[in-house]
Amino acid sequence: MANCCDHTPKPRPAESCCASAAKSACCDPGTPLLTTIAEPAPVAARQHSTLRIEQMCCPTEEALIRGKLHELPQVHAMRFNLLNRTLHVEHAADAAPLLVEAIASLGMTARTLGGETRIRIEQMDCPTEERLISDRLSRQPGVQALHFNLLQRVLTIRHTEDGLAPALQGIRELGFTPQLQDSDTPPAADEPDKSGPPWRLIAAGVAAFMAELVHFTDSAPEWVVALMALGAVLASGLEVYKKGWIALKNLNLNINALMSIAVTGAILIGQWPEAAMVMVLFAIAERIEAKSLDRARDAIRGLMALTPEQASVRQTDGSWRTLAVTEVAIGSLVRLRPGERIGLDGEVLEGNSTVDQAPITGESLPVEKHPGDPLFAGTINQAGALDYRVTAAAGNSALARIIRAVEEAQGARAPTQRFVDRFARIYTPLVFLLSLAVAVVPPLLFGGGWYEWVYRALVLLVVACPCALVISTPVSIVSGLAAAARKGILVKGGVYLENGRHLTHLALDKTGTLTHGKPVQTDHRDLLTAEPGLYRTLAASLAQRSDHPVSQAVAKAAQEQGVSLREVQDFEALPGRGVRGLIAGQRYQLGNHRLLEELGLCSTEIEVQLDQLEREGKTVILLSDEQRALALFAVADTLKPSSREAIAALHAMGVKTLMLTGDNPHTAQAIAAQVGIDEARGDLLPADKLAAVEGLLGQPGRVGMVGDGINDAPALARADIGFAMAAIGTDTAIETADVAIMDDDLRKIPAFIRLSRQTAAILKQNIALALGIKAIFLVVTLAGHATMWMAVFADMGVSLLVVLNGLRLLRK
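Residue numbering for the sequence shown follows my numbering, starting at 1181 and increasing by one per position.
In short, the hints are calculated from the structure, not lab data.
Careful, some of the hints might be misleading.
Distance condition first, Cα-Cα at most 20 Å in a straight line; then the derived DMTMM-like pairs of lysine to aspartate or glutamate [what the hints assert, rightly or not]:
1) K1422 <-> E1302
2) K1836 <-> E1859
3) K1736 <-> D1553
4) K1422 <-> D1315
5) K1698 <-> D1553
Start from the sequences and build out the full structure, keeping to the hints where you can.
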C-alpha cells in the first residue's frame, strides 16, 4: 500500500460532457457539492463511504441520485464530484449496502471505494507520532488510505467495512486514545495543555542540577547522586520512556526511542548526572517546540474564530430570535447590526452598508453592499443595518471551505517533504548502526576503552534523530498555506505551493479573469437619419426581451438614459444570430453580422465600421428593418484595473502569458494588446483550450491555467496548477482548481509565485541547517569533544531554529 501522505498526481479530466461541450451543464456552478440532508446524528453513529458511479456524467444523473438518496433517513450528507464520477456519502453505521441498492434501482452501478472515518488523537502532536501511526496502520488489512491533519490532530482513515475496528485497536496499542469525530465537528479553539504540570519539570530540573553540583564537588556519596538523578529522570522522562518502548516494539527509531536508549546507556555506564540533565533538557526542549508548533495551529484557529456563534433570525410569527449559526437553515432571514461580524453566507435583501471582507478576500478597502449583493461569513458589517437571506449552511460557507481546504492541503506531501520523509527512513537506521559500530569496533579491533567509545556512541545516538529535518518541511508548508489564506489565496496542497515558483507559462481565460465579465454598451451609431432617439428606442425594446448578455447591455444603457420602451409583438429569438419582432406593425431585427448578411442588408460601408469596432475588442449588433440597416450598437467587456499590473508583474518574473477565449480573434487580439499579453487565441471551445494547455506542457517549466472553474474545468484540471477566479460561492471552482483567488484580483497570482519562492527558500535553509549542524556535530562527537547534554542542545536547538524559521512566513 502506498504511503497515504504522498501527493496523488492530478488525474486527467474525465471523458465526460464537461470536456466536450462549451458551457456544459456538467459544470453548473449552481449545483452544490455538499447538501445537508438531515439533522446531525450522534458522532459514533456516522460513517463515510466513497462510491464510484461510471454512469454519472452530468447533473441529470446527479439530480436523480440525489433525489433517491434523499429518501433514505440513514443519509446525512452527500458530496458529488462529476469530473471523477464519485459520490462521497456521510451516513449511519452499516448503511453502505442500502446506498448501493438505491443507486442500482436507478439503473446505475455503484462501486464502493471504501468507508472513511475521522479520528481525533490528542497525543498526535508532530511527525514523530504521525510516522509511528502510519507505519503501524499502513500494514494493516482493511486500511486503504490515511490522511493526517497534524494541525487539528485528526487522522482520516479510508477503510473497508470491517477495517475500522482493527485500525482503532492498532492505534490504542501504540498508546494513543482514538476518538471518533464527526466531519462537521469544529476543533476546539482552546485546547488543554497536555504537557503536564510545570512543577514536575521544575522539580526534575532542580534535582538534575543538584546531582551535577554534588558530583562535581564530591560533597556526598555516589548513591545520593544516583538517587537525585534517578528522581529527575522519572519526573521528566516517564512519558519519553513509554513512547520509546512503544516505538521500539514497532521497530521505529524515533526521537523517543533514541533518547530512551541514550539515557539508559548513560545510567548503565555510571553517568548519572549527565543522564538526568539530558532527560530534563530534552523535556524542556520538547515543551518549547510544542509551543512553537502551536503558532502554526493558531493560524488556522484564527480563521475559525472569525465566525460568530450566534445570529439573529426571523421566526414565522415575525419575531426575531437569537440562534446558534449551526441551527440556522438555508433560506432563513437574518438581521445584521452595524459593527457585527457576519455569521453565515447570504444575499442582502434590505439595507445598505459597507463590509470589511479582508478576512476572506484579502481586500484592503471595505466593499459597498446593496440589495442583491453577496455576504460572506467571517466578514464585518460596518456602517448600516442589513437583512439578508442565508444561502449556505454554517458548515459549507466560503470561510468553512477555506479552512477545510487549508487543513486538507497540509496533509498532501510537497516534493521536498516527500524527499525528507524518504531520506529520514534511511538516515536514522544508518546512524543507529554507525553508533553501534562506534561503541563496538574501536574497543574490539583497536584496543580502545569501552567506556570512552560507548559514551561517544550514546552522544551520537542523540545527534542521530532527524527530528529537525522531518519537522522543518510541514511547519514551513503549513505556514505558507496559512499565509496564502490570509492574502485571499486558497491553495489546495503543499505541492502546488512549492511548484508555483517553477511556473513559466500561464494561460488565461478572458471573461471574468482579465475582464469583469459584464458587457457594457460603448458605441451607438445611427446609419440613417431619423427622429432623434428612435433607433435607440426600437433596439432597446427588442433587446430587453432577450437574455443574451450583449442584448442586456444595450437594454441597460437605454434604461439608464430614460428611454421609454415600446411594445413588441411576435417576438422571436434567432439562435446564434439575434432577435426579431413587430413594433407598431413594422418588423425589426436586432442581431449580429451574420444575421445582416443572411438578410442581404450588409454593405461595404457597414463592413468597414464593423471591422474597425471589432479590432477595438468590441462586439457589434445591428438594428434593421425589412429593407436596410438602421443603426449599430457596440458592446465591450471592460478590463479589470488590476489586469495590466498583474500581467506586467508576471512578465517581470519571467512568466510567458497566453490568452484563450471563445471571442472572435479580433477581440482577442485587441484585449491582449491592451493588457500586454504575449499571445492570444480566439474562437476556442473548452476542448480547444484543453488542447492549448496540453501543447504548453511539453515545454520546460510548469504550466498554469486561470479561469472561472466552470467552462474552463478541463483545462484547469490538465494544467500543472489551475487557478480559479470568482471562487467565492462557486463550489465547482474550488473543486476543480488547485489555487482559488478569492477576490478575482489577478495580482494575487504574482503574489502566489512570490510566496512560493519564499517558501522554497525557507525549506532549503531549514534542510541546510538541519543537515549541516548535524554533520559538524558528528565530527565533533567522533573526535571526543562532545557531551550528551551538548548533543541535546544541538539537536533540539536546531529543531527550534527550523520551526521558528518556517513561521517567518506567517509574518504580515
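Each hint, compared with the structure:
no.	hint	result
1	K1422 <-> E1302	holds, 16 Å
2	K1836 <-> E1859	holds, 9 Å
3	K1736 <-> D1553	holds, 18 Å
4	K1422 <-> D1315	holds, 18 Å
5	K1698 <-> D1553	holds, 15 Å
Checked against the numbered hints given earlier, this structure breaks none of them.
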